[in-house]
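Make a model of the complete structure from these sequences and hints.
Number of protein chains: 2
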Amino acid sequence: MKTVQDKNLLEMPIGVFDSGMGGLTVMREIMRQIPNEKVIYFGDTARVPYGSKSKETVTRFSRQIVRFLQSKQVKAIVVACNTASAYALNDLEREIDIPIIGVVKPGAKVAAEVTRNGQVGVIATEGTISSNIYTTYIRQLRPEVQVTGKACPLFVPLVEEGLWQDPVTDEIAKRYLSSLIDTGIDTLILGCTHYPLIRSTVAKVMGDHVTLVNPAYETARELKELLMEKGLFNPVPPQLGTNKYEFFVSDGAEKFVHFANSIIKYGILGAKVIQIEDY
Amino acid sequence: MKTVQDKNLLEMPIGVFDSGMGGLTVMREIMRQIPNEKVIYFGDTARVPYGSKSKETVTRFSRQIVRFLQSKQVKAIVVACNTASAYALNDLEREIDIPIIGVVKPGAKVAAEVTRNGQVGVIATEGTISSNIYTTYIRQLRPEVQVTGKACPLFVPLVEEGLWQDPVTDEIAKRYLSSLIDTGIDTLILGCTHYPLIRSTVAKVMGDHVTLVNPAYETARELKELLMEKGLFNPVPPQLGTNKYEFFVSDGAEKFVHFANSIIKYGILGAKVIQIEDY
Numbered sequence: 007m008k009t010v011q012d013k014n015l016l017e018m019p020i021g022v023f024d025s026g027m028g029g030l031t032v033m034r035e036i037m038r039q040i041p042n043e044k045v046i047y048f049g050d051t052a053r054v055p056y057g058s059k060s061k062e063t064v065t066r067f068s069r070q071i072v073r074f075l076q077s078k079q080v081k082a083i084v085v086a087c088n089t090a091s092a093y094a095l096n097d098l099e100r101e102i103d104i105p106i107i108g109v110v111k112p113g114a115k116v117a118a119e120v121t122r123n124g125q126v127g128v129i130a131t132e133g134t135i136s137s138n139i140y141t142t143y144i145r146q147l148r149p150e151v152q153v154t155g156k157a158c159p160l161f162v163p164l165v166e167e168g169l170w171q172d173p174v175t176d177e178i179a180k181r182y183l184s185s186l187i188d189t190g191i192d193t194l195i196l197g198c199t200h201y202p203l204i205r206s207t208v209a210k211v212m213g214d215h216v217t218l219v220n221p222a223y224e225t226a227r228e229l230k231e232l233l234m235e236k237g238l239f240n241p242v243p244p245q246l247g248t249n250k251y252e253f254f255v256s257d258g259a260e261k262f263v264h265f266a267n268s269i270i271k272y273g274i275l276g277a278k279v280i281q282i283e284d285y
Numbered sequence: 007m008k009t010v011q012d013k014n015l016l017e018m019p020i021g022v023f024d025s026g027m028g029g030l031t032v033m034r035e036i037m038r039q040i041p042n043e044k045v046i047y048f049g050d051t052a053r054v055p056y057g058s059k060s061k062e063t064v065t066r067f068s069r070q071i072v073r074f075l076q077s078k079q080v081k082a083i084v085v086a087c088n089t090a091s092a093y094a095l096n097d098l099e100r101e102i103d104i105p106i107i108g109v110v111k112p113g114a115k116v117a118a119e120v121t122r123n124g125q126v127g128v129i130a131t132e133g134t135i136s137s138n139i140y141t142t143y144i145r146q147l148r149p150e151v152q153v154t155g156k157a158c159p160l161f162v163p164l165v166e167e168g169l170w171q172d173p174v175t176d177e178i179a180k181r182y183l184s185s186l187i188d189t190g191i192d193t194l195i196l197g198c199t200h201y202p203l204i205r206s207t208v209a210k211v212m213g214d215h216v217t218l219v220n221p222a223y224e225t226a227r228e229l230k231e232l233l234m235e236k237g238l239f240n241p242v243p244p245q246l247g248t249n250k251y252e253f254f255v256s257d258g259a260e261k262f263v264h265f266a267n268s269i270i271k272y273g274i275l276g277a278k279v280i281q282i283e284d285y
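So the sequence lines, in the order shown, correspond to chains A and B.
According to our numbering, the stretch in the first sequence is residues 7 to 285, in order.
According to our numbering, the stretch in the second sequence is residues 7 to 285, in order.
Incorrect hints may appear among the rest.
One copy or any two copies: either way a pair holds, since identical chains are not told apart in the list.
[What the hints assert, rightly or not] No farther apart than 35 angstroms at their CA atoms in a straight line, the calculated lysine-lysine pairs in the DSBU-like style are these:
id, residue 1, residue 2
1, Lys180, Lys44
2, Lys78, Lys180
3, Lys278, Lys210
4, Lys278, Lys230
5, Lys230, Lys210
6, Lys156, Lys210
7, Lys236, Lys180
8, Lys180, Lys156
9, Lys278, Lys180
10, Lys230, Lys250
11, Lys210, Lys236
12, Lys210, Lys78
13, Lys61, Lys230
14, Lys261, Lys180
15, Lys61, Lys44
16, Lys278, Lys261
17, Lys156, Lys111
18, Lys250, Lys156
Please keep in mind that the hints were generated in silico from the structure rather than gathered at the bench.
Being a predicted model, the structure only gives us computed values, none of them experimental.
Now the structure itself:
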């Protein structure tokens with residue numbers, strides 16, 4: 007029989023953070039796959055994007071966010087940002103005593119499993135690509151796999167401008183992806199949380215024979231396993247009237263809520279603005 | 007005869023700041039038009055862009071930067087960022103006792119002077135457009151002028167991706183500018199410091215009959231006048247061996263220097279990274 011303390015622990019929320027709005031694709035998968043869990047989402051909209059910034063800066067920002075989430079009594083943390091996962095996760099893991107996972111390892115694992123010809127591509131921000139982190143993780147599992155990375159800096163602004171299906175996005179995708187097509191990859195990781203939103207464009211350019219891996223989906227799966235393994239999985243829904251999902255941002259709540267409602271069909275009513283530098 | 011104190015004052019540098027790299031187009035004009043002045047440039051590359059962020063956040067960031075520049079003993083400050091000029095300049099003017107100018111007023115003044123048909127367009131970031139600041143200043147000078155604003159969020163990432171002359175930039179420019187063409191403007195303000203870099207694309211789309219106003223150029227002119235008026239203008243070049251131009255950023259010095267050298271033909275050797283939140 008569970009004690010009161012255990013029950014309270016199970017009901018504690020999961021903390022999810024991203025540089026801004028992209029991490030909502032991860033949040034969406036968590037809501038679908040483990041619908042009993044409460045979630046606190048933080049988007050660092052005052053300092054977005056992270057993808058073009060340095061390891062030191064992204065790590066400093068991530069530490070502040072982890073401190074904020076811990077002040078909210080989260081039972082586990084998901085780094086729902088590829089750049090922060092690439093740059094900061096190793097440090098964060100050592101510094102806190104609750105489970106923390108990123109989006110890179112789950113994506114890398116699936117890519118290593120599904121490739122048949124051993125040629126994997128990764129599209130992501132400049133930061134994630136230059137960190138070589140997908141290559142490192144994939145090679146740990148299958149050293150013979152060849153990994154080719156390609157930074158796609160315009161994809162995030164195109165997504166945020168709403169051009170999810172548009173001739174301009176097609177043209178930019180063709181340019182970014184041509185070098186990956188030339189290498190003969192059969193598996194492509196969507197290594198930035200915005201990219202699932204232009205999945206159909208990427209699929210069209212790459213062709214049917216290339217499997218697209220969405221780390222957002224894999225991360226939610228791995229989170230579920232981790233919660234079960236650690237005895238933190240909540241088997242029952244929160245009580246009626248409980249605020250299941252809470253959203254915090256460092257700037258521009260209204261714009262965030264508007265974008266969030268285009269990604270997550272949940273009727274998000276609001277987001278609170280906090281001053282993240284104070285953490 | 008000038009006293010020693012006056013001479014020291016004249017030799018003090020001008021502080022110039024921007025959210026990142028765009029303000030270098032203003033810096034370039036200052037270097038051309040008042041070549042005897044020493045300049046300290048700060049680019050907030052850790053928190054760039056400002057254009058999509060709120061007034062409160064942009065003002066908080068701008069205050070920190072002004073404190074940093076004052077710690078460097080600047081004799082005057084140029085807010086070389088349209089969004090910061092739109093949101094923060096009024097507050098900053100009240101808070102400090104050295105001259106400070108932004109890029110908006112000089113651009114608005116020239117636009118009000120040059121329009122013949124009284125129809126002026128402004129292209130800028132979301133922040134600058136939603137502040138309505140160009141409209142406000144132009145109407146103060148000529149109340150009958152009609153001002154039409156258009157936010158162009160993709161221009162900055164396109165410029166930073168190096169697509170200064172490219173069919174994709176042409177296509178995006180056509181979409182953004184079509185509503186301005188329809189209003190029959192004869193004058194268009196390039197209301198974001200990145201835009202002079204795609205001036206030829208904008209000129210091609212708008213046609214010969216539309217005069218483009220570059221606030222960077224006008225700001226350097228106004229700065230010169232202001233320095234002369236306040237007795238701060240330096241008539242002689244700095245001594246040989248003096249470090250005339252210094253660059254500071256909050257992140258990614260190497261990337262900044264690379265971009266800076268594509269804009270300013272001066273052989274910029276380096277930029278120092280500082281932690282701007284500490285100011």
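Checklist entry - Which hints from the list above does the structure break, by number from lowest to highest? => result Hints 1, 2, 3, 7, 9, 11, 12 and 18 are the ones this structure does not satisfy, whereas the remaining hints hold.
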